[in-house]
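Add chain Y to chain X, keeping to what the hints say.
Spelled out, the chains give:
Protein chains: 2
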Amino acid sequence: MSQIFEHISPADFFYRNRDIAGFSNPSRAIYSAIRELVENSLDAAESIGVPPDIFIRLTRIKESGRGVSVYELRVQDNGTGVPSQHIPSAFGQVLFGSKYRLKQSRGTFGLGGTMAILYGQITTHHPAHIISSTGDSRIYEYRLSIDIRRNRPIILQRKSLDNDHKWRGTIVEFRLEGDYFRAMPKVLEYLKQTAVVNPYANITFIDPRGRLYMFTRATTSMPPPPKETKPHPYGVDVEMMQRLIQSTDARDMLTFMVETFHRVGKSIAKNFLKFAGISPKRDPKKLRPDEVVHLVQKMKTFDEFLPPDASCLSPLGEELLKAGIIKEYQPEFIAAIQRKPSTYSGHPFIVEAAIAYGGNIPRKGDIVLFRFANRIPLLYDEASDVSWKIIKSINWRRYKATPDMPIAIAVHVCSTKIPYKTVGKEFIADRPEVSREILFAIRYVARKLQKFLTRVEYKQKELRRLNIFAKYLPKIARFSTDLAEKKRTPNVDKLIRSVKRIEED
Amino acid sequence: MSQIFEHISPADFFYRNRDIAGFSNPSRAIYSAIRELVENSLDAAESIGVPPDIFIRLTRIKESGRGVSVYELRVQDNGTGVPSQHIPSAFGQVLFGSKYRLKQSRGTFGLGGTMAILYGQITTHHPAHIISSTGDSRIYEYRLSIDIRRNRPIILQRKSLDNDHKWRGTIVEFRLEGDYFRAMPKVLEYLKQTAVVNPYANITFIDPRGRLYMFTRATTSMPPPPKETKPHPYGVDVEMMQRLIQSTDARDMLTFMVETFHRVGKSIAKNFLKFAGISPKRDPKKLRPDEVVHLVQKMKTFDEFLPPDASCLSPLGEELLKAGIIKEYQPEFIAAIQRKPSTYSGHPFIVEAAIAYGGNIPRKGDIVLFRFANRIPLLYDEASDVSWKIIKSINWRRYKATPDMPIAIAVHVCSTKIPYKTVGKEFIADRPEVSREILFAIRYVARKLQKFLTRVEYKQKELRRLNIFAKYLPKIARFSTDLAEKKRTPNVDKLIRSVKRIEED
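Protein chains in written order, with the numbering used here: chain X, 1 to 505; chain Y, 1 to 505.
For reference, chain X alone in the conformation it holds in the complex (with noise of 0.2 Å):
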């Protein structure tokens, strides 16, 4: 009866609990490999400033029964390319991975192209076959497998090419199984919603029946790219603020205070250290641990601290967010908000949203939601995701919406770390300050819609009003001739006019 105890690697880890890495099932794996590496691919371009050119391919191989097929899918980006000795691990690793930084990104976790490659692998026991240049004289081409027992890359073929045209990117091909067809619309959804958020994207996708769908840019313009930047204050815990302390180079609380958190000037540090009682010379390195905890706690509750500085994010704008309602629906009214920027756990945010009644928007009893985080699209578990429950909890009667009104709301979220629920990223867990930052935003623009619906609940009043002038106005001036037995009856229209209260449309 005892118990084996015994140490798993990260890479078993999700082998064996694929359901949490979003490859539950030969549908949904297809849709999570082309989202993580199409992902993976924004990123690289974006991270140097280059308008994506994306290139999508997943051919059939072979059926392998009750719907589920082998399928070879390639993605080849023009992005940053993958340094030749940091292909293996980047690729074959778990927990390897160049998005561990404060800085906005798609990718959360590190995980993955790999998770992809490595479900691919336990499904089709086909090696992955990556290429990839940092645009330098030489290109690299591996054909490789993932040892899961050990979490390491097994190189099976390692090849260098010379890159005379300079070719900078990355080339991802492997096998895996899944079932395509029950995918398609999620994963062509998620293509158009993408390509809709990332306007200065190419996107070529070839599918299995040799279709092909090309989501043309619409600008060359990039936004400013994503910054890495400091920790804020506000959520700093003591195990970062222990990383901190080891990897700082300051020699007193001062210094460190100024060189290590976002937005933190000289004055600022004076009065916070004075206000948790640390002396700023005081050696950063020798702080006991008592006064680590302390001084954790003295920053959540000092409210002299800078709000997070924006320009470490890449937030969509307003417009960004209304079109692809505008492009899908041709509301008859549109509003959006892009809030200040928040923070939590050390990480800032911004929260922006977009509400849009009419046009096309259909009545299907419930508010259509559109969620997007760090310019990607969210497409599974909106049931599960934050700005749903905050949706749902807002009495819309309030902003005289009811449910049956086509109404839809557009949520974007962008943080140097978006708080995702699961590894598969398909919803936002329920941060309080995320939450508050969503209400917020929510509100602000039901508000906008609820001037807009008593806008057209007066029109109507007022129309109704303006009808019975002149239905009844006529009947009466012409009663009125003829009480007076005179014979012309006046014209009413001046008097009809002077009553309207409203232009007509």
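Treat the hints with care, since some could be wrong.
Stated by the list, open to error - Listed next, the stretches of chain X that the computed footprint assigns to chain Y, with coverage defined by at least 3 CB atoms under 8 Å from CB atoms of chain Y:
no., region
1, 14-26
2, 95-108
3, 113-125
4, 286-293
5, 377-385
6, 413-421
To be verified - Straight-line alpha carbon distances no greater than 25 Å define the calculated DSS-like cross-link-like pairs of lysine-lysine that follow:
no., chain 1, residue 1, chain 2, residue 2
7, X, Lys487, X, Lys475
8, Y, Lys62, X, Lys298
9, Y, Lys364, X, Lys364
10, X, Lys364, Y, Lys62
11, Y, Lys448, Y, Lys471
12, X, Lys186, Y, Lys389
13, Y, Lys227, Y, Lys99
14, Y, Lys389, X, Lys274
Unchecked claim - A short, non-exhaustive set of chain Y residues, derived as facing chain X with CB atoms under 7 Å:
no., residue
15, Gln3
16, His7
17, Ser24
18, Asn25
19, Ser98
20, His125
21, Glu239
22, Pro419
23, Val423
These are computed hints drawn from the structure, not numbers from a lab.
Just so you know, even glycine gets a beta-carbon here, dropped at the ideal spot from N, CA and C.
For chain Y alone, kept in the frame of chain X given last:
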């Protein structure tokens, strides 16, 4: 602009991504911490066939502001105990544990207990205190914290005490920041439902205000404990097959098949190897990689393997599944089903479902759903759960049910591995095999409900019909008497009785 590549430890991964492990906010953190430790305790007692005695105490240490406080959580059990040499890793290292076997247990990820302690550490920076004995002559006591970057326990203090009274069990005590008062309804609901489906457990909880909640066992008879099992041939993937081949002592394929897989006897093994075109005399370790892939593919399509044996699983049984609903709602009608065991990815599983109607079930415009997995209730993120999706996909009118009816459904899935979608074990992914079983189970009980509702409808119709007879027959009788100029109206009671087709309630 160069990217920085780095490797992070699994502890660091979960530190950065606590949302995916159920620690999104202060209220959820309290709930998750209690839950993870209670589930470990239940597993620890059940694994040695002892009725669990679990004592939970949550003490408020101090306010941290904004509704959040520092609490001390202590959970004590009478389970198997952790051997001294494993205590530091079991509580101070992520992805180390005893839950990685093919055996039904509440824990799945080998993560929960350590994650709770890790969360406590980053919010309070206080070491954890572990006391445990396997019932031998010594009790071991540790104070430890976690080196998150290296994923290693740091032992701050270690003591060994005499165990004169042969105490056996584990005590975990640590501090964490949280919001108990917001978490309270879920915590109490969790304990209540846990007590219902584990009626052989004593659960005692003292909350921060000193209120005592006792859930006393209703029986000391334990279900047969879940047993470790071999992988079932359906759903073995290439990775698993390679591991099995690596670790086998068998010198030929026939022996390998019989020794390695669940319910594979000699004659089935022979038939299968013939079907797969592999000689029974081949040495499994000498199979070429493409032959391994071929073997796995053939395994999925061979239809003579026996279904998995349920004896390694510990389902609730129909009575226990009904008990919770009956206790809560006293319904007019209840039906339950235990499906035959099935399998996904090599894991046997059993689905049980119950449906109830009337009584105190709220008419909230939607079905009330209770979800259980391996004898624990799932309370969060219902809308993303496979059971909820299936309930939503069913055309309930076909079963004479409408959304405004008071209907409750309970679903229990037990398996050697529950395909959770989140590390926080909030909801089950829609693996096709599991979905199908849940659908069949719910359809079965829905048909029982339909019969009940048809009977109710018929009774109501009959009562209306009888009422009409009862109302008009005497009048017709009187009228006919008058018409015939007779004095005595005949008695129609017999006539009314003769048209009765149902018994009165």
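Status of each hint after checking the structure:
1. 14-26: holds (count 8)
2. 95-108: holds (count 7)
3. 113-125: Holds, because 5 residues of the region 113-125 of chain X bring their Cβ atoms closer than 8 Å to Cβ atoms of chain Y.
4. 286-293: holds (count 3)
5. 377-385: holds (count 3)
6. 413-421: Per the Cβ count (4), the hint holds.
7. X/Lys487 - X/Lys475: Given that 25 Å is the threshold and the Cα spacing comes to 14 Å, the pair holds.
8. Y/Lys62 - X/Lys298: 15 Å, holds
9. Y/Lys364 - X/Lys364: 20 Å, holds
10. X/Lys364 - Y/Lys62: 49 Å, violated
11. Y/Lys448 - Y/Lys471: 34 Å, violated
12. X/Lys186 - Y/Lys389: With Cα atoms ~17 Å apart, X/Lys186 and Y/Lys389 stay inside 25 Å; holds.
13. Y/Lys227 - Y/Lys99: 12 Å, holds
14. Y/Lys389 - X/Lys274: 56 Å, violated
15. Gln3: 4 Å, holds
16. His7: 5 Å, holds
17. Ser24: 4 Å, holds
18. Asn25: Since the shortest Cβ distance to chain X is 5 Å, the answer is holds.
19. Ser98: With a closest approach of 4 Å, the Y/Ser98 hint holds.
20. His125: 4 Å, holds
21. Glu239: 4 Å, holds
22. Pro419: 5 Å, holds
23. Val423: 6 Å, holds
In the structure shown, a violation is registered for the earlier hints numbered 10, 11 and 14, in ascending order.
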